[in-house]
Each structure stands twice: as structure tokens, then as C-alpha cells.
Amino acid sequence: MKEPTEKPVFEGLSLAEIQEINAEMTHYEDKTAVSIEALKIVQKHRRWVSDACLVAVAELLGLSPAQLEGVATFYNLIYRQPVGKTVIHYCNSVTCWMLGAEHIRERLCRHLNVGLGEMSADGEYTILPIVCLGACDHAPVVLVGDKLLLDISDDAVTDILGR
Amino acid sequence: MEKMDKPLTKNIRSDRAFATLADYESTGGYQGLRKAITQLQPKEAQHWVKEAGLRGRGGAGFNTGLKWSLVPMDEDAAQTRYLVVNADEMEPGTFKDRLLLEQDPHQLIEGVIIAAYAIQASIAYIFLRGEYHLAAQRLANALLEARAKGYLGEHVLNSGFNLEIYLHTSAGRYICGEETALLNALEGKRATPRAKPPFPLVSGLWGKPTVVNNVETLCNVPHILHYGVEWYQSLGRGADKGTKLFGASGRIKHPGLWELPMGTPIREIIEDHAGGMRDGYKLRGFLPGGASTDFLLPEHLDVVMDYDAVAKAGSRMGTGTMIILDDKTCPVQMVLNLEQFFAQESCGWCTPCRDGLPWTVTLLKDIIAGRGRMEDLDTLSGLTRMLGPGNTFCALAPGAMEPLQSALKYFREDFERYIVGNIADMETA
Numbered sequence: 014m015k016e017p018t019e020k021p022v023f024e025g026l027s028l029a030e031i032q033e034i035n036a037e038m039t040h041y042e043d044k045t046a047v048s049i050e051a052l053k054i055v056q057k058h059r060r061w062v063s064d065a066c067l068v069a070v071a072e073l074l075g076l077s078p079a080q081l082e083g084v085a086t087f088y089n090l091i092y093r094q095p096v097g098k099t100v101i102h103y104c105n106s107v108t109c110w111m112l113g114a115e116h117i118r119e120r121l122c123r124h125l126n127v128g129l130g131e132m133s134a135d136g137e138y139t140i141l142p143i144v145c146l147g148a149c150d151h152a153p154v155v156l157v158g159d160k161l162l163l164d165i166s167d168d169a170v171t172d173i174l175g176r
Numbered sequence: 006m007e008k009m010d011k012p013l014t015k016n017i018r019s020d021r022a023f024a025t026l027a028d029y030e031s032t033g034g035y036q037g038l039r040k041a042i043t044q045l046q047p048k049e050a051q052h053w054v055k056e057a058g059l060r061g062r063g064g065a066g067f068n069t070g071l072k073w074s075l076v077p078m079d080e081d082a083a084q085t086r087y088l089v090v091n092a093d094e095m096e097p098g099t100f101k102d103r104l105l106l107e108q109d110p111h112q113l114i115e116g117v118i119i120a121a122y123a124i125q126a127s128i129a130y131i132f133l134r135g136e137y138h139l140a141a142q143r144l145a146n147a148l149l150e151a152r153a154k155g156y157l158g159e160h161v162l163n164s165g166f167n168l169e170i171y172l173h174t175s176a177g178r179y180i181c182g183e184e185t186a187l188l189n190a191l192e193g194k195r196a197t198p199r200a201k202p203p204f205p206l207v208s209g210l211w212g213k214p215t216v217v218n219n220v221e222t223l224c225n226v227p228h229i230l231h232y233g234v235e236w237y238q239s240l241g242r243g244a245d246k247g248t249k250l251f252g253a254s255g256r257i258k259h260p261g262l263w264e265l266p267m268g269t270p271i272r273e274i275i276e277d278h279a280g281g282m283r284d285g286y287k288l289r290g291f292l293p294g295g296a297s298t299d300f301l302l303p304e305h306l307d308v309v310m311d312y313d314a315v316a317k318a319g320s321r322m323g324t325g326t327m328i329i330l331d332d333k334t335c336p337v338q339m340v341l342n343l344e345q346f347f348a349q350e351s352c353g354w355c356t357p358c359r360d361g362l363p364w365t366v367t368l369l370k371d372i373i374a375g376r377g378r379m380e381d382l383d384t385l386s387g388l389t390r391m392l393g394p395g396n397t398f399c400a401l402a403p404g405a406m407e408p409l410q411s412a413l414k415y416f417r418e419d420f421e422r423y424i425v426g427n428i429a430d431m432e433t434a
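As you go down the protein sequences, you meet chains A and B in turn.
Going letter by letter, the first sequence gives residues 14 to 176 in my numbering.
Going letter by letter, the second sequence gives residues 6 to 434 in my numbering.
Source of the hints: derived by calculation from the structure; they are not laboratory data.
Given the structure is predicted, the values throughout are model-derived calculations rather than measurements.
Where hints are given, some of them may not hold.
Over the 12 Å line for every Cβ pair with chain A, so calculated as not near, a few chain B residues [as the list claims (entries may be wrong)]:
no.: 1; residue: Lys11
no.: 2; residue: Thr43
no.: 3; residue: Lys48
no.: 4; residue: Asn146
no.: 5; residue: His160
no.: 6; residue: Cys181
no.: 7; residue: Leu302
no.: 8; residue: Glu380
no.: 9; residue: Arg390
no.: 10; residue: Phe398
Quick list of in silico lysine-lysine cross-link-like pairs, DSSO-like style, CA-CA up to 30 Å [what the hints assert, rightly or not]:
no.: 11; chain 1: B; residue 1: Lys317; chain 2: B; residue 2: Lys258
no.: 12; chain 1: B; residue 1: Lys414; chain 2: B; residue 2: Lys333
no.: 13; chain 1: B; residue 1: Lys55; chain 2: B; residue 2: Lys40
no.: 14; chain 1: B; residue 1: Lys333; chain 2: B; residue 2: Lys258
no.: 15; chain 1: B; residue 1: Lys201; chain 2: B; residue 2: Lys40
no.: 16; chain 1: B; residue 1: Lys154; chain 2: B; residue 2: Lys55
no.: 17; chain 1: A; residue 1: Lys160; chain 2: B; residue 2: Lys213
no.: 18; chain 1: B; residue 1: Lys194; chain 2: A; residue 2: Lys57
no.: 19; chain 1: A; residue 1: Lys53; chain 2: A; residue 2: Lys98
no.: 20; chain 1: B; residue 1: Lys414; chain 2: B; residue 2: Lys287
no.: 21; chain 1: B; residue 1: Lys213; chain 2: A; residue 2: Lys44
no.: 22; chain 1: B; residue 1: Lys55; chain 2: B; residue 2: Lys194
no.: 23; chain 1: A; residue 1: Lys160; chain 2: A; residue 2: Lys98
no.: 24; chain 1: A; residue 1: Lys98; chain 2: A; residue 2: Lys57
no.: 25; chain 1: B; residue 1: Lys194; chain 2: A; residue 2: Lys53
no.: 26; chain 1: B; residue 1: Lys11; chain 2: B; residue 2: Lys55
no.: 27; chain 1: B; residue 1: Lys213; chain 2: B; residue 2: Lys201
no.: 28; chain 1: B; residue 1: Lys48; chain 2: B; residue 2: Lys213
no.: 29; chain 1: A; residue 1: Lys53; chain 2: A; residue 2: Lys160
no.: 30; chain 1: B; residue 1: Lys40; chain 2: A; residue 2: Lys44
no.: 31; chain 1: A; residue 1: Lys53; chain 2: B; residue 2: Lys213
no.: 32; chain 1: B; residue 1: Lys40; chain 2: B; residue 2: Lys15
no.: 33; chain 1: B; residue 1: Lys194; chain 2: A; residue 2: Lys160
no.: 34; chain 1: B; residue 1: Lys154; chain 2: B; residue 2: Lys15
no.: 35; chain 1: A; residue 1: Lys44; chain 2: B; residue 2: Lys414
no.: 36; chain 1: B; residue 1: Lys154; chain 2: B; residue 2: Lys11
no.: 37; chain 1: A; residue 1: Lys98; chain 2: B; residue 2: Lys194
no.: 38; chain 1: A; residue 1: Lys160; chain 2: B; residue 2: Lys258
no.: 39; chain 1: B; residue 1: Lys258; chain 2: B; residue 2: Lys414
Cβ coordinates follow ideal geometry from the N, Cα and C atoms, glycine included.
Build out the structure end to end from the sequences listed, making use of the hints.
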């Protein structure tokens, strides 16, 4: 992951971000279609989408900031607030709920001393709920960054944080 | 033809490693595409799939070949057509497409190319859940391999047919599984459903004719082309044709996913394949095809997994992945969990869904917290009608009402126990 301090070269976006967004544009009939991928690209580089970045992406795509904000706030995986280096998504849908999702949430939140959506004091983690992760035969499951952890045991915290 | 009773999963290995291009080709992979491109006209390919009797595996169950045949393809029709793969698996309790995407990506890609050829689409999008990182990585790699081998790009297998496939990873929202909402999401907008008609087959992505098919549906297509219509029809045990991925999760001995013939009895899936209930638990009921299907009871175990048979029993086959309710899980709390999901994932576009689902959640929470009244059950029944078919823009709210209406029917005493307990408490207070 690149650091947020990367030097901005255009309207608040880095050259790398602009290049990646432009590459996506070749896949669609118009620029609007790139909105979601552009926000995800910014997020890949900076972990979250600040107001300044949102305005810059809107300008790049020829959209009004309000229109892009409508898109950004619609989707569960676009973060409009700072998050930790690793986002832990615990599945709270039906099978995981039945098999102990709440227990996992409680232990994680207590261990990191955070509420849902907050950043841990060391800036490492943010815990968020997520809908069914499509691995119900291995419930309960947790998505740690990009990695899906299956059959989470009662030692959830050790399993997930690896400490 | 070893293992040909399991065409969808024949390359899938128990160690979760994935089938490479060489693995896939060694078991007949891309032969269906070769046959379609070199021997069949697009209309003939449509006809094969229609005759085979393949029905959409995303839940709706519409005949796939028939769907393709409704795309305008005469000379006056728009020359740009799109094929879109709905890989936005997010129905709670559903975990079938993930297996196909992660472990045999070329099977899907071959299905996409054949489907695109059949409707003469020059661009296809795979709309993939953002959380499916491993699937994204393996699909992206498989697309490069397919291109390098001439299955994809300009002049597919040296024919006059050109196709680009782009992978679009979503940013997460259940409503994107609704096909017109998915098209809005692909266009970079809020994923609210569109008014129908016009149907996407006529006016879809950027107003062009568009077919949206589910992952599992498309994975069937290469085999129909390669092995033929008669072979495919011979796979079903009942009225419906082919095989399907059936699954079960909850407090059963062996939760999992199995490729079985359409028409397999539910009892066989739960008792034989899933090994029955865990020790100390009894079967109380089950949702046969994901969160948005009506509960069925142990008395329905002999129903077979066919679209019409499950409908006759009062539910839907949906995605074919069952969620098991055991005797130690409270059905009212389970329904609350389901309704919280639907309320959260409502796109907010139409009033019954936007306001009705949070109301449902509030009533259920009150009942569970001991603040419920008997009239609340009538209000909940009223909501199942108000949010039911015909009153909303799309199928999200009607789907949300299915587990609620059947829970009110089958588990009424569980709702009443919370309320009666509350009345008793008040009297003694």
C-alpha cells in the first residue's frame, strides 16, 4: 500500500491514481461508468475517500461532486471516513449469526477497544459488519483485508489478529 | 466419460486448488466453444440451450435459451449487444458461485464466450462481488490465458467473431443482484432498479440489448454444447433438466455443497449429503434456497428440488442452498436477522420497501424485547401483503417477506410466547 503522503500531481490525485482510472475508462462506453472503480482505486492508495479526493475524482470524470457522493455513499465498501490499515469485516448474516458472529464481534471490539467503524488506537484495524460472505459451509467467517478466514473458533481474536 | 454425471464440478479438487487452463482443456474444456463457433449459427446455439431445458440458476428459473432468443438480432436491431454475468452472489446462505468462480474459472469464461456468440455480443462484463478477492484474481488470470490461446479477443478461434470480456468488481450492495440495478451499477450509478418494460433484453446497458445470466447458469452452457441436448436432459431426475449445486449450512454434521441432479429429494441432501443434524439438535425447518425463500418444515423433506415442486410446497428453489433451522435457534430471532439484512440492503427507491422493512425490524425487536402486543402479529401479516408482489419496484421486499410470512404461519407460537410472557410479566408487576 502506498502512503497517503504520496505527492499529489493533479487536482488532489496522484499520477498513479489518474493512470489507473484512465485505464479503466477504456472498458466502458462513458466516463460515468468508471465512478465506482475510480473510488476503489483512490481507496486502494489512501485507504479511504476524503472530500478532497471525491471532488478531484468528480472533476476527472466530469461529474458533479454531489452525483459522485451519491454513488460513494451507496456502496458498502467505499469508506468516506478514515479506516485502519486492515479492515476486518465479520459476516453477520444468517448462518454466521446462528453460529456465533456476535461473539466474534464482541471479542474483537473488546480486544481492540473500539466500536464498529472506529480505528484502533495504533491505527492498525477497523472492524465493520458485512453481509453474507458466501462461505456459509464454513461459518462463522471473517474477511481480514483481502483474506477470508473460515471456521472461526472461540479463540477468534488470536485467529484473526494473529497475536 | 468419467464423472460425467457431475459436469459442473468435475474439475473441482478437494484441496481448493484451482483448475488451470491445461486441466480444464484436458477434460473437454473449450470443445463446446469450438463446436459452437465452427459448426453452429448463433440461432442454433440458442436453440440447443433452449431445448436442453436449462433454467436460470440465479433463482428466477427462466429458460436460458428462450431468454437469449428474445434479444433482437435482425438487421434493423442495434448492432451493439452486451452479455453481463451476474457474479454478485450475496443472498445470505448462498455459497455456490464462489466455488465455480474460484476453482474452475475457465468453465465460466467458456460459457460466457458461447453465450456472447449466441446473442452476437461483442462485449461482456463479469459483475463480481467486491469481497470475492480470490475469484477476481483467478478470473483475471484466466482471462489472460484464454486470450493468449485465441479463445477471446479478435477472431475467436480464427472465426469472424470478436469478443472482449471485462471484469468489473463491485463495491458491495445486495440490490446489485437485481438485474436492472446491476446495469445501473455497471453504468457507475446508484444501484436502484429500473422500470420494466423495457426489459434489458431490448434496452439494457447504455440502452442496448443486454442479457444478464447467473454464473452457475453459464457454467452449464459449455457442456450442453459439447455433449448435446439429449445427454443434458438425461441428467435430471424429475421435471427439470441437468444438475445443480445444492448446499446446506447451519447445525448439520457436514455443511457443504454438492452437485446433484435436478429433482433430488431434500431429504437426501440434508440426511445423506449433509449427514443430518449435529448431535443434540433436531431439525425444526429450513429455507430451501437462501434468505428470501419461505420456510419449509420436516414434513416437506420428501419434496424434490425442482422449481415447480418446491413452489408447490409453498416456497422457492431460489439458489438451491439451504439454511437449516435447528430446535435450539429461535425462529423469531432468525427472522429478525434476515429482516435486518433486507432493511439494510434496501436501495430506498420505493416507499413500501424503504419504510416497510425498518418497520418490520422495529416490530420484531419490540416483540423480542418483551414490548410486543398480539396486534403486532396482525401488523406484521399486513406488512407481508403490503411489501408483497405487485406493490414494489423490484423483488427485494417481496423476497424479504417470504421467510416472515412462513414463520408467522409455522412458528406462530414462538412469536406469541414472547408476547404472552410480556403480558404475564405486566400482570405480576
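Consistency of the hints with the structure:
Every Cβ of chain A is farther than 12 Å from the Cβ of Lys11 (chain B); the closest lies at roughly 18 Å, confirming the non-interface assignment. Once the 12 Å rule is applied to beta carbons, Thr43 (chain B) is consistent with being away from chain A; the minimum gap is 29 Å. Residue placement check: Lys48 (chain B) keeps its beta carbon more than 12 Å from all beta carbons of chain A (closest about 27 Å). Distance check on Asn146 (chain B): its Cβ is at least 15 Å (rounded) from any Cβ of chain A, clearing the 12 Å threshold; non-interface status holds.
At the 12 Å boundary, the C-beta of His160 (chain B) stays outside the reach of chain A, the nearest C-beta of that chain being 20 Å off. Chain A draws Cys181 (chain B) into its interface by the beta-carbon criterion, the shortest separation being 9 Å against a cut-off of 12 Å. Look at Leu302 (chain B): its CB is around 18 Å from the nearest CB on chain A, clear of 12 Å, so calling it non-interface holds up. Look at Glu380 (chain B): its CB is around 27 Å from the nearest CB on chain A, clear of 12 Å, so calling it non-interface holds up.
The non-interface label for Arg390 (chain B) is consistent with chain A: the shortest C-beta to C-beta separation is roughly 24 Å, beyond 12 Å. The Cβ of Phe398 (chain B) sits about 16 Å from the closest Cβ of chain A, beyond the 12 Å cut-off, so the non-interface label holds. Pair hint Lys317 (chain B) plus Lys258 (chain B) holds up; C-alpha atoms about 28 Å apart against a cutoff of 30 Å. Only pairs whose Cα atoms come within 30 Å are accepted, and Lys414 (chain B) paired with Lys333 (chain B) is accepted, the gap being roughly 19 Å.
For the hint pairing Lys55 (chain B) with Lys40 (chain B), the CA-to-CA distance comes to about 17 Å; that is within 30 Å, so the pair holds. Proximity of Lys333 (chain B) to Lys258 (chain B) is assessed by CA-CA distance (about 15 Å); at most 30 Å being required, the pair is judged to hold. A C-alpha spacing of about 36 Å is found between Lys201 (chain B) and Lys40 (chain B), which places the hinted pair above 30 Å, so the restraint is violated. Restraint check: the Cα-Cα separation between Lys154 (chain B) and Lys55 (chain B) comes to about 29 Å, which is no more than 30 Å; the hinted pair holds.
This hinted pair does not check out: Lys160 (chain A) and Lys213 (chain B) have alpha carbons roughly 37 Å apart, beyond 30 Å. In summary, the hint linking Lys194 (chain B) to Lys57 (chain A) is supported, as the alpha carbons are separated by about 20 Å, within the 30 Å threshold. For the hint pairing Lys53 (chain A) with Lys98 (chain A), the CA-to-CA distance comes to about 15 Å; that is within 30 Å, so the pair holds. For a cut-off of 30 Å, the pair hint linking Lys414 (chain B) to Lys287 (chain B) stands: about 20 Å separates their Cα positions.
Restraint check for Lys213 (chain B) and Lys44 (chain A): satisfied, since their Cα atoms lie roughly 17 Å apart, inside the 30 Å limit. Proposed proximity of Lys55 (chain B) and Lys194 (chain B) is contradicted: the alpha carbons are some 33 Å apart, above 30 Å. A hinted pair counts as satisfied when its Cα atoms are at most 30 Å apart, and Lys160 (chain A) with Lys98 (chain A) qualifies at roughly 14 Å. Taking the CA atoms of Lys98 (chain A) and Lys57 (chain A), the gap is about 11 Å. The hint holds against a cut of 30 Å.
For the given pair, Lys194 (chain B) sits about 14 Å from Lys53 (chain A) by alpha-carbon distance, which is consistent with the 30 Å threshold. Straight-line distance between C-alpha atoms of Lys11 (chain B) and Lys55 (chain B) comes to about 20 Å, which keeps the hinted pair within the 30 Å bound. Straight-line distance between C-alpha atoms of Lys213 (chain B) and Lys201 (chain B) comes to about 14 Å, which keeps the hinted pair within the 30 Å bound. Between Lys48 (chain B) and Lys213 (chain B) the alpha-carbon distance is near 19 Å, which keeps this suggested pair within the 30 Å criterion.
Only pairs whose Cα atoms come within 30 Å are accepted, and Lys53 (chain A) paired with Lys160 (chain A) is accepted, the gap being roughly 17 Å. With a C-alpha separation of about 37 Å, the suggested pair Lys40 (chain B) and Lys44 (chain A) falls outside the 30 Å cut-off, and the hint is violated. Taking the CA atoms of Lys53 (chain A) and Lys213 (chain B), the gap is near 27 Å; set against the 30 Å cutoff, the hint holds. Taken as a hint, the Lys40 (chain B) and Lys15 (chain B) pair is honoured in the structure, with Cα atoms around 20 Å apart against an allowance of 30 Å.
Proximity of Lys194 (chain B) to Lys160 (chain A) is assessed by CA-CA distance (about 28 Å); at most 30 Å being required, the pair is judged to hold. Annotation: proposed proximity of Lys154 (chain B) to Lys15 (chain B) holds, straight-line Cα distance about 22 Å (limit 30 Å). Simply put, Lys44 (chain A) and Lys414 (chain B) have alpha-carbon atoms about 50 Å apart, too far for the 30 Å limit, and the pair is violated. As the CA atoms of Lys154 (chain B) and Lys11 (chain B) are separated by approximately 26 Å, the hinted pair is consistent with the 30 Å bound.
For the hint pairing Lys98 (chain A) with Lys194 (chain B), the CA-to-CA distance comes to about 28 Å; that is within 30 Å, so the pair holds. Distance hint between Lys160 (chain A) and Lys258 (chain B) is fulfilled; the C-alpha atoms sit about 26 Å from each other, no more than 30 Å. At roughly 28 Å between alpha-carbon atoms, Lys258 (chain B) and Lys414 (chain B) fall within 30 Å of each other, so this suggested pair holds.
Checked against the numbered hints given earlier, the structure breaks hints 6, 15, 17, 22, 30, 35 and satisfies all the rest.
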